[in-house]
Structure formats: structure tokens, C-alpha cells
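K.L.:
Sequence:
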Amino acid sequence: MPSGAAARLSELLAPTHRLALVGLAKNTGKTETLAAILAGHARAGVRVGVTSIGRDGEQHDVLDARISKPPVRLQAGALVASTGPLLRASAVPHERLVQTGIRTPLGEVVIARLREHGALEVAGPSAASDVRLVCEAMLELGAEQVLIDGAVDRRAASSPAVADALVMATGAVLGEQPEQVVAATVDAVELVKLPLAADGDEGVALARDLVLAGEPADIAALLERHPRADTFLVNGALSERFLEGLLAARPPRAGRELRIVAEDPTRVFLSRRGPGWYGRQGIAIEVLRAIELRAITVNPVAPQSHSFDSAALRAAIAAAVGEVPVLDVREAA
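295 is the number of the first residue of the sequence shown in this note's numbering; add one for each residue after it.
One thing to keep in mind: the hints can contain errors.
Claimed, not checked - Listed below are the simulated DMTMM-like cross-link pairs for lysine to aspartate or glutamate, each with C-alpha atoms no more than 25 Å apart in a straight line:
id	residue 1	residue 2
1	K320	E551
2	K320	E434
3	K320	D481
4	K320	E410
5	K320	E389
6	K320	E415
7	K320	E534
8	K487	E557
9	K487	E415
10	K487	E586
11	K487	E580
12	K487	E473
13	K487	E326
14	K320	E484
15	K320	E580
What the hints assert, rightly or not - Distance windows between CB atoms, simulated:
id	residue 1	residue 2	range
16	D493	E617	39 to 47 Å
17	E470	E305	31 to 39 Å
18	G494	G616	21 to 29 Å
19	G616	L391	39 to 47 Å
20	L391	D524	28 to 36 Å
21	E551	L391	17 to 25 Å
It is worth saying that the hints were derived from the structure and are not from the lab. No residue lacks a Cβ here, since even glycine has one placed at the ideal position from N, Cα and C.
Taking the hints into account, I'd like the entire structure generated from these sequences.
P.N.:
Pasting the structure below:
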């Protein structure tokens, strides 16, 4: 029988055609969340497609072989976009439907339909455009929902150019105290939920080298050239270095809010401070395209280390992030 949380997760995800799953770190329970979603789809008879950005489904953690990982188990009839060598190694009978021509270090990505249920590793494309291509192909081949398993070091899975909605996995591995886990999760949620720019792409376009370098003197010169401008557009990566340089360069404009507009949340790279902090300093970060965060799943156990009370951790995260459902897929209710 499914847990209450797993059943609730299936309900939350039902309307989505392309769903991304992203873990905030290794061992936050992303693979187990994927397994819970797949089990729910199997019970409901949902035709599913699966791919990944990176590699998933290996028997043990690639960084720590002591940590056992749940395999990616798919039902007969499921579609999968993975490499030919991994499909052969799985020994699961399958029918190859599409040779995509997309090359990875593990071989060419092919789309196959499983003839029998079984467990396998999945390694899909790394480029967002290629992931979108294989997702669309699986939908055309009959998948009702495509699940995109995002590797920890790849942001492309959560791009609105790839997926319609997102499930985020967080957990005890992010800190030795619950407050640390909550804070790290809040920062990630703030980034995913950056507001849409009300005026679209209206504003002063910034040169990429200026944004990447983040030199206060160059940014000050930019502000002097555009004394009335309050919206600046970033085409490419928005670095924390640029935001720090902007803070250093803008004292004469203190008291007037500036708006920095990026293409989507995956183009915003913040490590020390979250968007909320910059907002309080008068620098609002907005995006042209957003993705819907459907749920947060929580793993209260840090492997080979510590654990927290699941209900207490979920309650603390839920109180901090607002309306996003927070679930532990192992919980019965």
C-alpha cells in the first residue's frame, strides 16, 4: 500500500506533462521520491516516460559505496530515454523506438519501451534543449507524464525550458542542526520562486562580460550612463559577484530599488546569500520565465551521520516556505 505522503504526492503531480526532480545535495532522497512517484503511477496505470540529466539508478552512491540507493524500477510499457549500453546492461527486455543521435560519455541516448518490468540505470542528455527533445518524443510516443531526474550538479532539469513543474528534495544531509536544513531549503525555494518580471524584457540590456566580471567601477560607470534606469536585463548567468559589485557601486542611488531580470531561475547563481537578502538591500531579482514548485520532499536521515524527527523538520520547513506542500514519502500520513 502507498504511504499517505506518496499518495498525496501523486495527486499534486497529476496535471503535469514534464516533471523535474532535483535534489539540493546528494542523499536528500531524490531517488526515493522518484521511486514513490513511479510506484504511484504503476498503481494508477499512468503511462510514464523517464530520463535523467546525469546518471541515476546505480546500486550504490557514486561518492560513498556504503550508501545503498533505490534502483529506478519501471513497469512494462514504460518509456525510457537512456544510453544504449546502459539499457543492454540492465538485461530488461525492451524495444528500441528512437535513435536520437544525442551523444553522451556513456553512449548514444535512445528511447525504448520496456517489454517487462525491471530495474535499470538511466543516463540521458546533458543539454536542456536535448532533454526537451527527448521529453517531447516520449510524450508523442504515448507517455502521459515524463519524469526528468536531475543530477545534483546540473541545473538544466529545473529550467522552465525543459519542465512544466518541479519537485525539490531536501534533507538532513544539509546541516547538523534542523535550522541549517531549513535555511538552506528556504534559499533554494526563494531562488526557484523568483517573481516574474512585470514588464517582461523591457530594460537596459547588460553585456555578458560586465555581468561575469562584476567590477564595481564598471558597474558604477553603467549606472552613471543610465541615471534614470531601474531595470537591467541579464542574458546569461547572473553571478553573485555582479550583485556584490552592484551593491558596492550604487551608494549614490541608495533608497531607489533596482530590478535585475534574468532569463529563468537556473541562470541565477547565488551561494552566500539568497534573493530575499538582496531584496532587502534594494536589489530585486526577477525572471522572464518561471517554473512551478509543486512539492518539497524531505529525507530526515543523513547517511552515516545524524537524523531528525521527520514531522518536526517538515513542520519547520513548511512554516518557512509558505504554501508549498512538504512531504516525507516514507511517512504513512
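K.L.:
None of the hints should be skipped; say for each whether it holds.
P.N.:
Taking the hints in turn, this is what the structure says about them:
Pair hint K320 plus E551 does not hold up; C-alpha atoms about 37 Å apart against a cutoff of 25 Å. For the hint linking K320 to E434, the alpha-carbon distance of about 32 Å lies beyond 25 Å, and the restraint is violated. For the hint pairing K320 with D481, the CA-to-CA distance comes to about 17 Å; that is within 25 Å, so the pair holds. Distance restraint check for K320 and E410: the Cα-Cα separation of roughly 30 Å exceeds the 25 Å cut-off, and the hinted pair is therefore not satisfied.
Distance hint between K320 and E389 is unfulfilled; the C-alpha atoms sit about 32 Å from each other, more than 25 Å. Simply put, K320 and E415 have alpha-carbon atoms about 17 Å apart, close enough for the 25 Å limit, and the pair holds. A hinted pair counts as satisfied when its Cα atoms are at most 25 Å apart, and K320 with E534 qualifies at roughly 23 Å. In summary, the hint linking K487 to E557 is supported, as the alpha carbons are separated by about 13 Å, within the 25 Å threshold.
Distance restraint check for K487 and E415: the Cα-Cα separation of roughly 31 Å exceeds the 25 Å cut-off, and the hinted pair is therefore not satisfied. Of the pairs offered as hints, the one joining K487 and E586 holds, with about 8 Å between alpha carbons and a cut-off of 25 Å not exceeded. Simply put, K487 and E580 have alpha-carbon atoms about 9 Å apart, close enough for the 25 Å limit, and the pair holds. Distance check on the hinted pair: K487 and E473 sit about 21 Å apart at the alpha-carbon level, within 25 Å; holds.
Between K487 and E326 the alpha-carbon distance is near 24 Å, which keeps this suggested pair within the 25 Å criterion. Note on K320 and E484: the hinted pairing holds, with a Cα-Cα distance of about 20 Å set against a maximum of 25 Å. The hinted pair formed by K320 and E580 fails the criterion: a straight-line CA distance of about 28 Å is larger than 25 Å. The supplied range of 39 to 47 Å is broken by D493 and E617, whose beta-carbon atoms lie about 25 Å from each other.
Remark: the range hint 31 to 39 Å for E470 to E305 is upheld by a beta-carbon distance near 34 Å. Roughly 26 Å separates the CB atoms of G494 and G616, a value that falls within the hinted 21 to 29 Å. Between G616 and L391 the beta carbons are some 42 Å apart, a value that agrees with the proposed interval 39 to 47 Å. In this structure the hint that L391 and D524 lie 28 to 36 Å apart at CB is violated, the actual value being about 51 Å.
The hint said 17 to 25 Å for the Cβ distance between E551 and L391, and at roughly 52 Å that hint is violated.
Hints 1, 2, 4, 5, 9, 15, 16, 20, 21, counting from the list given before, are not met by this structure.
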